[in-house]
Amino acid sequence: MSPFAILLTRDIRLAARSGGSAALALSFFALVATLVPLGVGADLKLLARVAGGILWVAAVLAALLSLDRLFQGDFEDGSLDLIALSPLPLELTALAKITAHWLSTGLPLTLLSPVLAVLFNLPGPATLILFFSLLIGTPAVSAVGAIGASLTLSLKRGGLILPLIILPLLAPAVIFGAGAVSLALDSLGAQNALGLLAAFSFAAVLLSPFAAAASVRLNLGG
Amino acid sequence: MNFDMGAYSVYIWPAYGISALALAGITLWTLAAWRRAKARLAALEKRPSQT
Amino acid sequence: MNFLFRYANPHEFMRLSGAVLPFTAVATVLCLGVGLYLGFSVPPDYQQGTTVTLLFIHVPADVVAELAYGAIAVCSLLSLVWRHPLADTAARAAAPYGALFTALGLITGSLWGKPMWGTYWVWDARLTSFLLLLFLYLGYMALWNAVEDEARAARAAAILALVGVVNIPIIKFSVDWWSTLHQGESIVSGKVAPVYLWPLLIMMLGYVLLFLTLWMVRIRTVILERRARNLMQAGTP
Numbered sequence: 001m002s003p004f005a006i007l008l009t010r011d012i013r014l015a016a017r018s019g020g021s022a023a024l025a026l027s028f029f030a031l032v033a034t035l036v037p038l039g040v041g042a043d044l045k046l047l048a049r050v051a052g053g054i055l056w057v058a059a060v061l062a063a064l065l066s067l068d069r070l071f072q073g074d075f076e077d078g079s080l081d082l083i084a085l086s087p088l089p090l091e092l093t094a095l096a097k098i099t100a101h102w103l104s105t106g107l108p109l110t111l112l113s114p115v116l117a118v119l120f121n122l123p124g125p126a127t128l129i130l131f132f133s134l135l136i137g138t139p140a141v142s143a144v145g146a147i148g149a150s151l152t153l154s155l156k157r158g159g160l161i162l163p164l165i166i167l168p169l170l171a172p173a174v175i176f177g178a179g180a181v182s183l184a185l186d187s188l189g190a191q192n193a194l195g196l197l198a199a200f201s202f203a204a205v206l207l208s209p210f211a212a213a214a215s216v217r218l219n220l221g222g
Numbered sequence: 001m002n003f004d005m006g007a008y009s010v011y012i013w014p015a016y017g018i019s020a021l022a023l024a025g026i027t028l029w030t031l032a033a034w035r036r037a038k039a040r041l042a043a044l045e046k047r048p049s050q051t
Numbered sequence: 001m002n003f004l005f006r007y008a009n010p011h012e013f014m015r016l017s018g019a020v021l022p023f024t025a026v027a028t029v030l031c032l033g034v035g036l037y038l039g040f041s042v043p044p045d046y047q048q049g050t051t052v053t054l055l056f057i058h059v060p061a062d063v064v065a066e067l068a069y070g071a072i073a074v075c076s077l078l079s080l081v082w083r084h085p086l087a088d089t090a091a092r093a094a095a096p097y098g099a100l101f102t103a104l105g106l107i108t109g110s111l112w113g114k115p116m117w118g119t120y121w122v123w124d125a126r127l128t129s130f131l132l133l134l135f136l137y138l139g140y141m142a143l144w145n146a147v148e149d150e151a152r153a154a155r156a157a158a159i160l161a162l163v164g165v166v167n168i169p170i171i172k173f174s175v176d177w178w179s180t181l182h183q184g185e186s187i188v189s190g191k192v193a194p195v196y197l198w199p200l201l202i203m204m205l206g207y208v209l210l211f212l213t214l215w216m217v218r219i220r221t222v223i224l225e226r227r228a229r230n231l232m233q234a235g236t237p
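Residue numbers (my numbering), protein chains in the order written: chain H, 1 to 222; chain W, 1 to 51; chain Y, 1 to 237.
Just so you know, not all the hints are guaranteed correct.
[Claimed, not checked] Computed cross-link-like contacts, DMTMM-like style, restricted to lysine to aspartate or glutamate with a CA-CA straight-line distance of at most 25 angstroms:
1. Lys-46/W - Glu-225/Y
2. Lys-172/Y - Asp-124/Y
3. Lys-46/W - Glu-12/Y
4. Lys-38/W - Glu-225/Y
5. Lys-38/W - Glu-150/Y
6. Lys-156/H - Glu-150/Y
In case anyone wonders, no lab produced these hints; they're calculated from the structure.
Model the full assembly from the supplied sequences, consistent with the hints where possible.
Structure below.
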């Protein structure tokens, strides 16, 4: 197996072991989806209107839950130093971790979303768009999240700063993702929105490994 | 100069007031920090270093 | 580039800024004074009535809000790529001012919005973008405060600032796209009648000069604080 694949499977296995990060993210996602109607009322038309936005925000927050540990665990026990010394470039290490994070949070959240869409009375076509928007957009959440995680990896209570740093940067993803669902709800074409979202995700996944690697280096080098 | 803003006074004067207060406040804070740093450095430079 | 590095030395910076400061301070007061006088002498706008006077404190605040972040981005680049020694200090010093001007832009924008559109907050593209900019400032300042080692904090903040500045056009574009999605037309029109242009420009200049003046004083203050700290550490065994 290539070093990339080794790192990838290792991280996925670690994520699955430590409190099952997928289960945690899914539960949080479902909980928020349950709480919002409790807070907002059971008007089904209203819920369908807000479904895109609520579910997108909930998905981003759920993915955030495990982000602070992305590099921190390896940093604390010294394995990050070893990984940095390996022949695998640090940028690819970051990409491997981003992929592992997405596979263990973003992807499961995407798969659960049609079920939660039912709670919000979202019609079929819009649910399909929601599914695709999350599929396309959650990699960006993992990628941008990795930048925040690497910047804060040395902080004991870094978990509080992490959302503050990356949520503004994720505004475009929420805007395009939820916007796509909104357009689908009005039977307007959502292709543009999904296209913009795809461009954002592509750029994020392409560029963030560089920023994350630079941040890891600065935290290791001192 | 015309200071009669008519119906909009209730929006215009608070806006100007908050701006003036905030800018004056941050100017005072900036100057106070400067003076404090200057005084501290002067005091340290006067005193020969103690071992 | 060499020009910048000549003043990389704190002593040189103190010398240069000390010489320049009296002029920028006086120019600030003059511009603000003249700007305010002119601003209150203009006739009411036929559409916006007297609320047009808010133009003269809203737009300048927005200008400085963006200028300050640009300055932080440039300093961050100088710090990371060229390792300019004062760049970190300058970047960190600019942040509180940038955040304050952003907040002022939001407040004045909100107070302008109530008579214009009926509510204190409208999710139009400009205000929303500036709200996100405020969060970018807060995150930047929080990161500086959170990382204990100053050298590490400086580089982490620099990376964050550069990531932020790359994102800002994307955020603006997405917010623009979003506002046309939900509201049709963008609400604030871009045209300014000539009679309002002069007070606006002078106030903009005044605000920018105020920022530059305060920023320079702040950098000087940090340099002195650092000298004091070094003296204290030298004095103790």
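How the hints compare with the structure:
1. Only pairs whose Cα atoms come within 25 angstroms are accepted, and Lys-46/W paired with Glu-225/Y is accepted, the gap being roughly 16 angstroms.
2. For the proposed pair Lys-172/Y and Asp-124/Y, the alpha carbon gap of about 11 angstroms is at most 25 angstroms, so the pair holds.
3. The hinted pair formed by Lys-46/W and Glu-12/Y meets the criterion: a straight-line CA distance of about 23 angstroms does not exceed 25 angstroms.
4. For a cut-off of 25 angstroms, the pair hint linking Lys-38/W to Glu-225/Y stands: about 8 angstroms separates their Cα positions.
5. This hinted pair checks out: Lys-38/W and Glu-150/Y have alpha carbons roughly 22 angstroms apart, not beyond 25 angstroms.
6. Among the hinted pairs, Lys-156/H with Glu-150/Y is consistent with the structure: their alpha-carbon atoms are about 16 angstroms apart, no more than 25 angstroms.
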